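Model the full assembly from the supplied sequences, consistent with the hints where possible.
Letter by letter, the chains look like this.
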Amino acid sequence: MRITVNGVTTNVDVEDEMPLLWVLRDELKVKGPKYGCGIAQCGACTVHVDGLAVRSCSITAKQVEGRDVTTIEGIGSPDALHAVQEAWIEHQVAQCGYCQSGQIMSAASFLSMHPSPSDDQIDHAMSANLCRCGTYPRIREAIKTAAAKMREA
Amino acid sequence: MKPRSISIFAIGFLLLGAAGTAFSHGPGDDGSQIDLVVNTPEEDVTLEAGLAAWDRIYTVTSHPRCSNCHTDERNEPMWSGPSYGKTRPHGMNINAGDSRIGVETIFCSTCHVQSTAPNTVRHAAPHTGHPWMLAPVEFNWFGQTSETVCAQMRDPERNGGRNGDDLVEHIIHDAEIKAFITWGFNPGGGREPAPGTMQEHLDDMVAWTAAGMPCPVDGD
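Protein sequences appear in the order of chains A and B.
Basically our numbering = 1-based index in the first sequence + 1055.
Residue 40 in our numbering sits at position 52 of the second sequence, and the numbers go up by one each step.
Simulated from the structure, these hints should not be mistaken for laboratory data.
Fair warning: there could be bad hints in the mix.
Stated by the list, open to error - Using C-beta positions, here's what the derived DEER-type ranges look like:
{"no.": "1", "chain 1": "A", "residue 1": "Met1073", "chain 2": "B", "residue 2": "Ile89", "range": "24 to 30 angstroms"}
{"no.": "2", "chain 1": "A", "residue 1": "Arg1122", "chain 2": "B", "residue 2": "Gly176", "range": "22 to 28 angstroms"}
{"no.": "3", "chain 1": "B", "residue 1": "Met80", "chain 2": "A", "residue 2": "Arg1122", "range": "22 to 28 angstroms"}
{"no.": "4", "chain 1": "A", "residue 1": "Ala1135", "chain 2": "B", "residue 2": "Glu157", "range": "31 to 37 angstroms"}
{"no.": "5", "chain 1": "A", "residue 1": "Lys1084", "chain 2": "B", "residue 2": "Gln102", "range": "26 to 32 angstroms"}
{"no.": "6", "chain 1": "B", "residue 1": "Asp154", "chain 2": "A", "residue 2": "Lys1084", "range": "47 to 53 angstroms"}
Unchecked claim - Each computed SDA-like pair below joins lysine to any residue, with the alpha-carbon atoms no more than 20 angstroms apart:
{"no.": "7", "chain 1": "A", "residue 1": "Lys1117", "chain 2": "B", "residue 2": "Ala105"}
{"no.": "8", "chain 1": "A", "residue 1": "Lys1199", "chain 2": "A", "residue 2": "Ala1149"}
{"no.": "9", "chain 1": "A", "residue 1": "Lys1086", "chain 2": "A", "residue 2": "His1146"}
{"no.": "10", "chain 1": "A", "residue 1": "Lys1117", "chain 2": "B", "residue 2": "Gln102"}
{"no.": "11", "chain 1": "A", "residue 1": "Lys1199", "chain 2": "B", "residue 2": "Glu92"}
{"no.": "12", "chain 1": "A", "residue 1": "Lys1117", "chain 2": "A", "residue 2": "Arg1057"}
{"no.": "13", "chain 1": "A", "residue 1": "Lys1086", "chain 2": "A", "residue 2": "Asp1123"}
{"no.": "14", "chain 1": "A", "residue 1": "Lys1117", "chain 2": "B", "residue 2": "Lys74"}
{"no.": "15", "chain 1": "A", "residue 1": "Lys1084", "chain 2": "A", "residue 2": "Glu1072"}
{"no.": "16", "chain 1": "A", "residue 1": "Lys1117", "chain 2": "B", "residue 2": "Pro114"}
{"no.": "17", "chain 1": "B", "residue 1": "Lys74", "chain 2": "A", "residue 2": "Lys1204"}
{"no.": "18", "chain 1": "A", "residue 1": "Lys1117", "chain 2": "B", "residue 2": "Asn107"}
{"no.": "19", "chain 1": "A", "residue 1": "Lys1117", "chain 2": "B", "residue 2": "Val109"}
{"no.": "20", "chain 1": "A", "residue 1": "Lys1204", "chain 2": "A", "residue 2": "Leu1185"}
{"no.": "21", "chain 1": "A", "residue 1": "Lys1117", "chain 2": "B", "residue 2": "Thr108"}
{"no.": "22", "chain 1": "A", "residue 1": "Lys1117", "chain 2": "B", "residue 2": "Ile165"}
{"no.": "23", "chain 1": "A", "residue 1": "Lys1117", "chain 2": "B", "residue 2": "Pro119"}
{"no.": "24", "chain 1": "A", "residue 1": "Lys1117", "chain 2": "A", "residue 2": "Gly1062"}
{"no.": "25", "chain 1": "A", "residue 1": "Lys1117", "chain 2": "B", "residue 2": "Gly117"}
{"no.": "26", "chain 1": "A", "residue 1": "Lys1199", "chain 2": "B", "residue 2": "Val91"}
{"no.": "27", "chain 1": "A", "residue 1": "Lys1117", "chain 2": "B", "residue 2": "His100"}
{"no.": "28", "chain 1": "A", "residue 1": "Lys1084", "chain 2": "A", "residue 2": "Thr1125"}
{"no.": "29", "chain 1": "A", "residue 1": "Lys1117", "chain 2": "B", "residue 2": "His118"}
{"no.": "30", "chain 1": "A", "residue 1": "Lys1117", "chain 2": "A", "residue 2": "Met1073"}
{"no.": "31", "chain 1": "A", "residue 1": "Lys1117", "chain 2": "B", "residue 2": "Pro106"}
Everything numeric in this text was worked out from a predicted model, so none of it was measured.
Ideal placement from N, C-alpha and C gives every residue a C-beta, glycine not left out.
Shown next as structure tokens:
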């Protein structure tokens, strides 16, 4: 089947039911999305499908056929970071960093629909992305900084 | 009872004549089918029989598998029932918002994908053939009495504009797309299903609507 990831369409020979995360990491060698729980409980594998955050461990290859998949590798580049990535660096959010690609993808999707979120909205939107290092206060501040950057852009 | 045989798979339909109307649908992702028969009563359904049917319907609507997502204007899905331990709001600080699909913060579909495949993995976010969502706020069943739910169910102003036939059709359509009612009777993942079977639930809805949708207060 043909799958489009970060703007590149590729033929992949996989079972229809293979989770997207497996397609990304094992077939396409796109390693940004992380395996955490495999059951949509932690958020480490979050990607965008047609611009909305989705847990790639729980959606199948067949379900994304013909749709646009974006991973952490595709929302910005080293020369032109996404506003959320910039804010992540400014606030030095990451500690171990394992959950961060999922956090950033969830935050980017959320901010695309809510340019001026309240703290309460941020907490609701991000609570399903777990961080065992407990970087939540920095995550919230970075999202507020990213929101400001996106409003000014 | 006059049977109307309905073999429900997923897509397409075929009318077979006046005595029996059959709908033949292609298989879902798992190849399974759901066979429902609309047993239309040939005689009037008594008030007593209608109330008995309602009591059984209420055991379904009040079961956690159904009521956990039929919650009030706080827009919180609930975790309750033997699969969940202590009754509490959905973990992860989830709130579906006034949209009831999570537009305001995080879409339900972020974790609950749309799929007719069986739910086989314990603790995984469940899925159905319908996009995941809370029921409309008017359909508030969680913790509500039989009388309250019954009054809502028969009120077109609060049941999605449905008459009795529409309520029956709602169950049939749900089976066609393997949506929430269908999932409630076969939730998988170690979750306790709603009591009875979908066929029994359909039989009860047919009987209750044929009886004029009586509520407990009508039997006093």
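Check each numbered hint from earlier against the structure, then list the numbers of those it violates in ascending order.
-> 4, 9, 14, 17, 20
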